[in-house]
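Peer 1: Residue strings, one per chain:
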Amino acid sequence: MLLPKFDYHLPKSLREACSLLDEFGAKAKVLAGGTDLLVNLKRKTISPEQVVSLNKVKGLDEATAKKGKGIVIGPLATAAYLAENELCRARMLVLAEGAGRLGSPLIRNRATIGGNVVTARPASDLAPPLMVLGASLILKSKEGEREVALEKFFKGPGKTSIKPKEILTQIFIPESDGPSASAYLKMGSRKTLEISLVNVASYIEVGPDLAIRQARIALGAVAPTPVRAKAAEKFLKGKKPGGENDPLFREAGRAAVQDAKPITDHRGSAEYRQALIEILTARTLASAYSQIMKTV
Amino acid sequence: MKKMMITLKVNEKEHDLVVAVNRTLTQVLREDLRLTGTKQGCSVGDCGSCTVLLNGQPVNSCLILAVEADGQEITTIEGLARDEQLHPIQQAFVEHGGIQCGFCTPGMILSAKALLDKNPQPTEREIREGISGNLCRCTGYQKIVESIASVGKNE
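So the sequences go chain by chain: R and Y. Using the numbering used here, the letters of the first sequence map in sequence onto residues 1 to 296. Using the numbering used here, the letters of the second sequence map in sequence onto residues 1001 to 1155.
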């Protein structure tokens, strides 16, 4: 498959990149890892006149902890980096786990978190983890910057509230409020190179008595966008699990099914997806809680 | 710009090339540098037959614009053998029956090299995960896994 013709730009700074996008607007596409963009170009699902590569802009490819004030992730951080980096595994394990299941080892060496978020597929491996971590985004254009909560960013399959002249320049993960842990599970027909049937990220924060102060659960591939399982979260708030095998978690899984709208497609039926939501929610919650129990 | 002058360091040799911006690294390696060991399979990053090492990391070259590889180090399958001597991984594939039609082989060997460089004695599971971006329609993977495992045991 051949790539179509386009004009290519290699800005050296975000300022230059924003200038270019300001000039071209919707005629341009941003190039980060290329693992979605080049596929779409080859399949002719998009045909931008201009391609603006961010790969010569420095300082966008790492996660940095801001002493007590959360973590900042650059949009060009690759899935491989997020899966293996010490800081990510220690403080954002759910994101590292999601990143480790994205595509294949070859794809992970190029795919970026910024690209994955802006591409906004409902089955994204990174979106549910980011949602349960409470992520927010910085979108920058020549006019200035704005901050958007990730929850409000996704509008539909492949659709977000990013404007044509904007670039995603930062992903911010706030500091957690007490002992917490998280987990991610992805279910598909294959163990690699797979778009999930269902994927679930769970996050639990406990109070000093080990009761659940807050739970956040995000479901992927079961709605037009990744969604929070609010009914399940409400059910868990304030409850004190007896251990990782507490039937509470399975009950939360049953509640999570209410917040999803799975469809039947060639990957599986809606009913099967509902069954998976229940199980994967329970398992990720149990995993998160058992991690907390090991540390307190 | 529509064309760019780039320098690719391929198998330790530098090449100065003028390439159209819409050509992939696979195309430039195969067509401009005549290094046809890297294969064009699915073109969309699903099969891994286009695998090369970019700065030591295995990637799908079909999803990389050649101009994006400017100034980088690339290892193709041709870069593994020394004069007439096969690289230990290549030798292992020959000895353990890890090659049938050979189409997936360059990509498999390069993914294996990247794995072994990081993890010299991988478990079977780690091997299977390490090559999980490379598809083989002939072997059923078993002999490929054994070939890679044998290199791990000898080191």
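Mixed in with the good hints there might be a few duds.
Within a straight-line C-alpha distance of at most 20 Å, the following computed EDC-like cross-link-like pairs (lysine to aspartate or glutamate) qualify [unchecked claim]:
#  : chain 1 : residue 1 : chain 2 : residue 2
1  : Y       : Lys1002   : R       : Glu147
2  : R       : Lys44     : Y       : Glu1146
3  : R       : Lys191    : Y       : Glu1129
4  : R       : Lys165    : R       : Asp22
5  : R       : Lys191    : Y       : Asp1046
6  : Y       : Lys1118   : R       : Glu86
7  : Y       : Lys1002   : R       : Glu49
8  : R       : Lys159    : R       : Glu175
9  : R       : Lys191    : Y       : Glu1014
10 : R       : Lys66     : R       : Glu175
11 : R       : Lys261    : R       : Asp246
Restraint ranges, calculated between C-beta atoms of paired labels, are given here [as the list claims (entries may be wrong)]:
#  : chain 1 : residue 1 : chain 2 : residue 2 : range
12 : R       : Leu210    : Y       : Glu1078   : 51 to 61 Å
13 : R       : Ser189    : Y       : Asp1032   : 32 to 42 Å
14 : R       : Glu62     : Y       : Asn1119   : 54 to 64 Å
15 : Y       : Arg1137   : R       : Gly156    : 30 to 40 Å
16 : R       : Lys66     : Y       : Lys1153   : 44 to 54 Å
Read the hints as simulated data drawn from the structure, not as lab findings. Think of the CB as a built atom: it goes at the ideal place given N, C-alpha and C, for glycine as much as any other residue.
Peer 1: A separate judgement is required for each hint: does it hold in the structure or not?
Peer 2: Here is how each hint holds up against the structure:
Restraint check for Lys1002/Y and Glu147/R: the C-alpha separation of about 35 Å exceeds 20 Å, so the hint is violated. Pair hint Lys44/R plus Glu1146/Y does not hold up; C-alpha atoms about 40 Å apart against a cutoff of 20 Å. Distance hint between Lys191/R and Glu1129/Y is fulfilled; the C-alpha atoms sit about 9 Å from each other, no more than 20 Å. Taking the CA atoms of Lys165/R and Asp22/R, the gap is about 5 Å. The hint holds against a cut of 20 Å.
For the given pair, Lys191/R sits about 13 Å from Asp1046/Y by alpha-carbon distance, which is consistent with the 20 Å threshold. A C-alpha spacing of about 16 Å is found between Lys1118/Y and Glu86/R, which places the hinted pair at or below 20 Å, so the restraint holds. For a cut-off of 20 Å, the pair hint linking Lys1002/Y to Glu49/R stands: about 11 Å separates their Cα positions. About 28 Å separates the Cα atoms of Lys159/R and Glu175/R, which puts this hinted pair outside 20 Å; it is violated.
As the CA atoms of Lys191/R and Glu1014/Y are separated by approximately 38 Å, the hinted pair breaks the 20 Å bound. Simply put, Lys66/R and Glu175/R have alpha-carbon atoms about 9 Å apart, close enough for the 20 Å limit, and the pair holds. For the proposed pair Lys261/R and Asp246/R, the alpha carbon gap of about 27 Å is over 20 Å, so the pair is violated. About 59 Å separates the C-beta atoms of Leu210/R and Glu1078/Y, a value consistent with the hinted range of 51 to 61 Å.
A hinted range of 32 to 42 Å holds for the C-beta pair Ser189/R and Asp1032/Y, which are about 39 Å apart. Evaluation of the 54 to 64 Å hint for Glu62/R and Asn1119/Y yields a failure: the beta carbon distance comes to about 23 Å. Hint check: Arg1137/Y to Gly156/R, Cβ distance near 37 Å, so the stated range 30 to 40 Å holds. Separated by about 46 Å at the C-beta atoms, Lys66/R and Lys1153/Y satisfy the suggested range of 44 to 54 Å.
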